[in-house]
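A.B. asks: Chain by chain, the residues run as shown.
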Amino acid sequence: GAVVSQHPSWVICKSGTSVKIECRSLDFQATTMFWYRQFPKQSLMLMATSNEGSKATYEQGVEKDKFLINHASLTLSTLTVTSAHPEDSSFYICSFPGTVSYEQYFGPGTRLTVT
Amino acid sequence: GQQLNQSPQSMFIQEGEDVSMNCTSSSIFNTWLWYKQDPGEGPVLLIALYKAGELTSNGRLTAQFGITRKDSFLNISASIPSDVGIYFCAGYYPMSNTGNQFYFGTGTSLTVIP
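Those protein sequence lines, which keep their order, are chains C and P.
Quick note: the first sequence uses my numbering, first residue 11, plus one each step.
Quick note: the second sequence uses my numbering, first residue 513, plus one each step.
Okay, the calculated bits of chain C under chain P, using three or more residues with CB under 8 Å as the criterion:
1) 47-56
2) 112-120
Far from chain C, some chain P residues (derived; all Cβ distances over 10 Å):
3) 519
4) 526
5) 532
6) 563
7) 572
8) 580
9) 582
10) 593
11) 595
12) 624
I should point out that these hints are in silico values taken from the structure, not numbers from a laboratory.
A quick note: this is a predicted structure, and the numbers were derived from the prediction, not measured.
Glycine included, C-beta positions come from ideal geometry on N, C-alpha and C.
Modelling step: build the complete structure from the supplied sequences, incorporating the hints.
C.D. replies: This is the structure:
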């Protein structure tokens with residue numbers, strides 16, 4: 011399967027600051043990427059779909075001004091959590107779609123802790 | 513977004529025992545998927561099911577796509593310690609206007625006692 015990396019793997023930040031998470035595919039290109047959030051002992055919830063060259067599509071209830079997504083290239087998407095609050099503490103996971111419609115290749119995730 | 517109901521929520525079993533978990537939905541899906549997630553990692557695809565009634569195996573894992581297209585189960589035979597992790601089901605159906613749609617189950621945490 012495809013190799014997807016995320017950076018950083020974990021980050022601790024103070025409330026009110028912004029944090030950028032990078033998601034990079036190492037061996038293929040994609041015009042679309044997905045960003046998920048996973049709270050402890052819960053399932054993955056889709057936050058937004060990142061589109062290369064255009065605006066991201068956000069799921070209902072996800073604040074687009076708070077979670078800024080930039081699909082900079084066919085191999086890189088970034089998620090910036092702006093003015094982070096403790097309730098934003100979560101595990102953020104990106105994924106790239108594969109060549110088959112149902113395929114997704116997930117990154118290893120980024121653990122965000124806001125103090 | 514929609515969540516799929518997965519049961520049981522957690523399991524503690526002895527090494528060598530068989531495991532069974534299932535996933536139900538109020539909606540029909542075209543594809544059912546089963547993933548395993550290790551702590552601090554992203555999910556890894558185990559099995560994909562494409563049509564109702566399909567039974568598919570991957571080593572010690574066997575999964576079935578329910579006839580109604582609203583459910584699926586995963587069995588693990590002769591469990592080993594490395595089977596520990598959280599197992600997620602996911603349903604998928606393509607949406608022509610807004611793109612593909614995935615919905616994940618609530619997860620089953622598996623602990624294997626050596």
